[in-house]
Amino acid sequence: VASKIQSGVDVLTARLCAPLVGFLSVFFVLPLLVLLWMSFTAPTAPTPTLSQYGAFFGDAINVAVLRDTLVLGLQVTALCLLLGFPVAYVYNRTPPVVQRIVMILIVLPLLTSAVVRSFAFIVILGRSGIVNSVLLALHIVDRPIPLLFKPLGVIVALAQVELPLMVLPLISAMARIDVNLESASASLGASAWRTFWQVTVPLALPGIIGGSLLVFVLAVSGFITPSIIGGGRLLYMPILIYQQGITLLNWPQAAAVSMLLLATSIVVVVVMNAMGSLTRRYVSHT
Amino acid sequence: MIDRVNGSFTATMWTIALAALAFLTLPTLVIVAVSFSAGETLGFPPQGFSLRWYAALNGLPEMWAAFRNSIVVAVITTSVCVILGVAASLPLAHGRSRVIRALDALIMSPLVLPGIAVGLALLIFLNILHWKLSMLTLIIAHIVVCTPFLIRTTVASLAQLSPSFRDASISLGASEAYTFVHVTLPMIKRGVISGAVITFLSSFDNTTVSLFLSDAGTEVLPIRLWSMIEASLDVRAAAVSTLIIAVTVIMILASERIGGLSQAVVARSPRTEQG
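Each protein sequence line maps, in turn, to chains Y and R.
Per our numbering, the first sequence starts with residue 1, numbered consecutively.
Per our numbering, the second sequence starts with residue 1, numbered consecutively.
One or more hints might be untrue.
Here chain Y is said to cover these stretches of chain R; the calculated rule only asks that three of the stretch's residues, wherever they fall, bring their Cβ under 8 Å from a Cβ of chain Y [said to hold, decoys possible]:
(1) 54-65
(2) 163-175
(3) 178-187
(4) 197-207
(5) 235-249
Note that these hints are calculated values from the structure, not bench results.
Because the structure is a prediction, the values reported are computed rather than measured.
In this text, a Cβ means the ideal position worked out from N, Cα and C, and glycines have one as well.
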């Protein structure tokens, strides 16, 4: 009887999931397989070839773009962690009324178009933008400093776009921390800083890893913000894909660059997930 | 001594937290403020107050066409996502088997895979099938990248629901379909509504995938806005941005009243949007 119920449940599962899974198989999995296949083709070669990957790594500019993209991902992740951790820490120590307002402040940018948010940074970082107006008024600089079309501008704008994704996992991880552990640490004589580094941060590790994973993966695959802030002058992997795929219509090369970017994301997701489950085990043991 | 150290800790945390919240909020406020400028440039602070740049939007019929396309695409995408997504969420919420976990990974993967690669892959695939780009191809792409948002919130509400409600209904003789409509659905309604709002907004804001799959006839609002920013940096772009922000704020506040969107977002995290 048990096996009959089990198979009945499985039939129901299959019937409920089938439409979505079928849809995704055709319009998501199959296209990605086509992209993978295309990355091993070349107009001149009749058989599968590695020439697209050879061409990518044979050009020093491309290798520099790959390096710049990974560095950008790390910088954005570090900035988001630095800004996001205190937000989550303070959030879990404020009354529910304040929490509701703070949560709307966090969610609103998350759900606002990336084009709008990047455009805002053009206004903020431009020659007559807020940053330059303030610096000029305070006589810190005597002429506007260029902030747009520079990696720093891209880092700052991307960090603003991705910050909510760091804060949300941190909030849920830190909400699970037993406050008694922190008071125990304090009553045993540890300073607030020591309690923070030795109790709060280790217990928040699942949130730190989850947030960093999302921010890094989305920063290296960000296209809109680097294009708008970089003004076409800065190259990152997604911009390379767009140039090869749409401007030059070199689909095999665009496919190879996409595969390298996909592989980066998948490696990061797998490694961070493994670390995440290790730390979750650690946290639940303490 | 300890008090001073602890005071410095609290002060540091609060200072960074408030700075980060300002950093999150300021860009939106700046755009809204600039859009009401009476001056000719996007400089800040804006010169004077006027609605002239909103009036100037009347001279941009292609902007309104793009706005209409965006709404149509977002409404159809959300409707399809709700139907496909709620059905798939039911087994995903309580299943622990390997198959369920693999399906979950498949359905969620568009969230973490680069949108640019997904867009290119679909473009090449449709080209091989000799499908012409149209509203339909755009909607298909949006369904792929927006479904995970709906699944997250729906699965989160289902996970909080005890299976005994369903079991009680079934053992009293109700069919699966009756149980779903009269027992399960009313209890997960808030999660589904929050998910639908997030799905709608992610479709409405999607740019990366749309860039590959829309043509001149199906241009959507974010792409139209982008072209405008690249062509001429004038204040009308700020007015359009403010309209997009207004749509977002209204939807968030409405769903906060109906279903507690913010709780759904926390329950659902980790999650995402592309920059």
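Hints and how they fare:
{"no.": "1", "hint": "54-65", "verdict": "violated (count 0)"}
{"no.": "2", "hint": "163-175", "verdict": "violated (count 0)"}
{"no.": "3", "hint": "178-187", "verdict": "violated (count 0)"}
{"no.": "4", "hint": "197-207", "verdict": "holds (count 6)"}
{"no.": "5", "hint": "235-249", "verdict": "holds (count 7)"}
Hints 1, 2 and 3 from the list above are not met by this structure, while the remaining hints are.
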